[in-house]
Amino acid sequence: MKAKHRILVVDDEPEIREILKEMLTTMGYEVAEAADGQAAFALTREGNFDLILTDLQMPRMSGLELVRRVKERFPLLPVVAITGVPSLDVAVEVMKQGASDFITKPFHFAHMEHVLARLIRERDLLLENKALSEALEQQKQIERLNKTLSKKIEELSALYTISESFNRAGERGDILETLVALAIRFTDAEQVSLFLLDEAPQTLVLHTSFHKDTPPFGSLSPQVGEALMQRVAVNKSIYVRYQGEEEWQPLTETPAHWSCLALSFPVLIRDSVLGVLYLGRKQGGGLYTGSDLSLLKTLLEKASLRLENDALYTNLFTHIADTLRVLVSTLEARDRYTRDHSHRVVQYALAIAERLGLSPEEKESIHFAGYLHDIGKIGIPDRILLKPASLTTEEFKIIQLHPIIGESILQPILLDPLERAIIRHHHERLDGRGYPDGLSETQIPLLVRIVSVADAFDAMTSPRPYRAPLSLDHTIAELRRWVDRQFDREVVETFLHCLPQVWPLDSQSTPLPKRRAFSLPSSLG
133 MKAKHRILVV DDEPEIREIL KEMLTTMGYE VAEAADGQAA FALTREGNFD
183 LILTDLQMPR MSGLELVRRV KERFPLLPVV AITGVPSLDV AVEVMKQGAS
233 DFITKPFHFA HMEHVLARLI RERDLLLENK ALSEALEQQK QIERLNKTLS
283 KKIEELSALY TISESFNRAG ERGDILETLV ALAIRFTDAE QVSLFLLDEA
333 PQTLVLHTSF HKDTPPFGSL SPQVGEALMQ RVAVNKSIYV RYQGEEEWQP
383 LTETPAHWSC LALSFPVLIR DSVLGVLYLG RKQGGGLYTG SDLSLLKTLL
433 EKASLRLEND ALYTNLFTHI ADTLRVLVST LEARDRYTRD HSHRVVQYAL
483 AIAERLGLSP EEKESIHFAG YLHDIGKIGI PDRILLKPAS LTTEEFKIIQ
533 LHPIIGESIL QPILLDPLER AIIRHHHERL DGRGYPDGLS ETQIPLLVRI
583 VSVADAFDAM TSPRPYRAPL SLDHTIAELR RWVDRQFDRE VVETFLHCLP
633 QVWPLDSQST PLPKRRAFSL PSSLG
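Residues 133 to 657, numbered by this note's numbering, are exactly what the sequence shown covers, in order.
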């Protein structure tokens, strides 16, 4: 049921208020009363009215003053003045103050009903229009906010993609390829070329180029293009070419609605120039905007940081690898019988891994940990390690410590769990009678089983202080004899299948592989 419209009747004479209330109630309105303008104005602050019907001559606050105040506070609230003097001057003054109409005494029911219905209908339309206008403005505001939000989401998505892409990139070459690929993806550039600085002659050499049926510099001649790249590199500044201009200019400011036809960025690591990234025209003849510029700056900052981290990592790994290599060389120099043992174990183990179809990451772990598997022997005294006779029970217990010592030596590097397992568990047995932890069967990872077979084969085919090397046939027989007790059956059979291709090995040393992943504990890194 539709709510009744409310009318406030204002008159200092109770009889008049009563007459008006009766008439308005008959017309179907809800009626409130006030004895003067001041009381009426107070009521307007408390209740919602659709129309005010007020006398002009009243104590405390006149009808004219009430009209003025009401229209200031509620511009859309119609006010009808009641007057007993049908004067033109009075009517003009009332309308000046903002009254919507006026009614003279005595009251005529039909005339009053018509005036009030018209004014309330007009008020309803005005309120409806206002609501629609506000809703429309709100919708526009929502659309503006959605547009801004979509842009922010797009920017955040781009930043996430940039970070993830660089995190997935491997070495320097991958990082640079990723830089070019992302520049193309996010700007729709038709031409992107990356030039790297050759430090010896201080010249820029093309590293990667993406362009559709055009030279690396687009419409620029090679001489102009090379000169531009040199300017960018020397000044370490962004250079841009604006639409309608031939000259390239250093970027100094980016006002609102900034755009350009092409750009060249210095690729920096800290303050050193690595190269120059050139972006020619966009696909479809579009222009680069401020958003493109901002995104490209972020892209280059991320690339610079990733390249710097890669360089630091490479340098760090080189130092650590050199240290580990010295330790292994020192160990093998102590014992002429085990010289190049680590190299041979790695080659045998990699042959098995290749035959079994292991992943590049697994083969890398075998290469790295296999080379270092005996590094713990650096902590074993020479009198035991080089003893030309069988070891006593106590001496053998000391020898059995070398996997634990090796794991301890490599602890600061935070090896992959499988690599750590190779160092610690390459002397475990399937029957649980190995050392140092007595692991058995599935407790021993496949990579450890592979290195165990390779290690045992080389140990048997190499001379020892207390015995000559076993023959190949004898060694093969020993491997097969201990299958399912000490060695994994599949690993042994796989090794014997590829043995003709890998035995005997040459004595060329095996370098440590560069790692795809490398970490230090927080106390060191």
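If you are wondering where the hints come from, they were derived from the structure by calculation, not from laboratory data. A virtual CB, placed ideally from N, CA and C, is assigned to each residue, including glycine. It cannot be assumed that every hint is accurate.
[To be verified] DSS-like cross-link-like pairs, simulated, lysine-lysine; straight-line CA separation at most 27 Å: (1) 272 x 284; (2) 136 x 272; (3) 262 x 283; (4) 529 x 495; (5) 283 x 414; (6) 429 x 414; (7) 519 x 529.
[As the list claims (entries may be wrong)] Here are the simulated distance ranges between beta carbons: (8) 637 x 522: 49 to 59 Å; (9) 570 x 526: 13 to 23 Å; (10) 359 x 282: 20 to 30 Å; (11) 493 x 574: 29 to 39 Å; (12) 537 x 283: 21 to 31 Å; (13) 537 x 449: 38 to 48 Å; (14) 359 x 415: 19 to 29 Å.
(request) Check each numbered hint from earlier against the structure, then list the numbers of those it violates in ascending order. (result) As far as the earlier hints go, 2, 3, 4, 8, 10, 11, 12, 13 are violated by this structure, in ascending order.
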